[in-house]
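A.B. asks: Here numbering that gives the first Met the number 0 is used: the first residue of the sequence shown is 0, the next is one more, and so on.
Bear in mind the hints are in silico, worked out from the structure with no lab data behind them.
Yeah, the Cβ is synthetic: ideal placement off N, Cα and C, and Gly gets one too.
Accuracy of the hints is not assured; some may be wrong.
Ranges of calculated distance between the beta carbons of each label pair, as one might list FRET restraints [unchecked claim]:
| hint | residue 1 | residue 2 | range |
| --- | --- | --- | --- |
| 1 | Ser77 | Leu12 | 49 to 59 Å |
| 2 | Thr74 | Gln138 | 56 to 66 Å |
| 3 | Leu12 | Ala69 | 43 to 53 Å |
| 4 | Phe29 | Ser59 | 40 to 50 Å |
| 5 | Arg99 | Gly60 | 23 to 33 Å |
| 6 | Thr75 | Gly22 | 37 to 47 Å |
| 7 | Ala135 | Arg93 | 40 to 50 Å |
| 8 | Leu4 | Gly60 | 33 to 43 Å |
| 9 | Phe118 | Ser59 | 13 to 23 Å |
| 10 | Val20 | Ser96 | 39 to 49 Å |
| 11 | Leu11 | Tyr62 | 38 to 48 Å |
| 12 | Tyr33 | Leu4 | 36 to 46 Å |
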Amino acid sequence: MVKDLKQKIGWLLALVLILPVSGALLASFFTGNYATWKASQGPETTAIVLSKSKEKPPKSGVYSYHAQLAFAVSTTDSVTAIADVSRSHFQELRPHSQTRISYDPQNPQRVLLAAEHWFQWESLPILLLSISLLWACRQALSRKTPAGV
Numbered sequence: 000m001v002k003d004l005k006q007k008i009g010w011l012l013a014l015v016l017i018l019p020v021s022g023a024l025l026a027s028f029f030t031g032n033y034a035t036w037k038a039s040q041g042p043e044t045t046a047i048v049l050s051k052s053k054e055k056p057p058k059s060g061v062y063s064y065h066a067q068l069a070f071a072v073s074t075t076d077s078v079t080a081i082a083d084v085s086r087s088h089f090q091e092l093r094p095h096s097q098t099r100i101s102y103d104p105q106n107p108q109r110v111l112l113a114a115e116h117w118f119q120w121e122s123l124p125i126l127l128l129s130i131s132l133l134w135a136c137r138q139a140l141s142r143k144t145p146a147g148v
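Make a model of the complete structure from these sequences and hints.
C.D. replies: What follows is the structure in structure tokens.
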């Protein structure tokens, strides 16, 4: 009786909570890295650094570094975009200096410094957590399905 109840709760928990959470984590990993990959595949140009900022989100111990950049998309059109940059590049950038960037032609707001790599190593724990949650869900669902669920 108690074993059957534990099995039902584990099965429902796997279906209702773990599967959607791991799916959302996987989606955030792939969309974040896809956006930077897409920007890295675009044309390269020179941008002017307008400003830079360092933020520490509330309840987080990790700083995020941003640079506001202006660059020409065509001879008549220019774009101002904010790029996420690594700490080392953040320290090197100076306002009103020039830097090489690549951008997504369909969405010029997606900008990547030419010196940066498109894969974000900070997102790797998200991928590992989502894979382990999927594995736990698979283990819970591979057990015999409880009767009456």
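A.B. asks: Run every hint past the structure and note whether it holds.
C.D. replies: We went through each hint and held it up to the structure:
The hint said 49 to 59 Å for the Cβ distance between Ser77 and Leu12, and at roughly 52 Å that hint holds. Checked against the given bound of 56 to 66 Å, the beta carbons of Thr74 and Gln138, roughly 59 Å apart, stay inside it. Remark: the range hint 43 to 53 Å for Leu12 to Ala69 is upheld by a beta-carbon distance near 50 Å. The hint said 40 to 50 Å for the Cβ distance between Phe29 and Ser59, and at roughly 22 Å that hint is violated.
Judged by the Cβ atoms, the range 23 to 33 Å given for Arg99 and Gly60 holds: they are separated by roughly 31 Å. Between Thr75 and Gly22 the CB atoms are about 43 Å apart, so this pair conforms to the stated range of 37 to 47 Å. Between Ala135 and Arg93 the beta carbons are some 48 Å apart, a value that agrees with the proposed interval 40 to 50 Å. Taken as a hint, the range 33 to 43 Å holds for the pair Leu4 and Gly60, whose Cβ atoms sit roughly 40 Å apart.
Distance hint check: the CB atoms of Phe118 and Ser59 are about 21 Å apart, consistent with the given range 13 to 23 Å. Under the hint 39 to 49 Å, the C-beta atoms of Val20 and Ser96, about 43 Å apart, fit the expected range. Take Leu11 and Tyr62: their Cβ atoms lie about 40 Å apart, and the range 38 to 48 Å holds. Between Tyr33 and Leu4 the C-beta distance comes to about 42 Å, which sits within the given range of 36 to 46 Å.
Of the hints listed earlier, the one the structure fails to meet is number 4.
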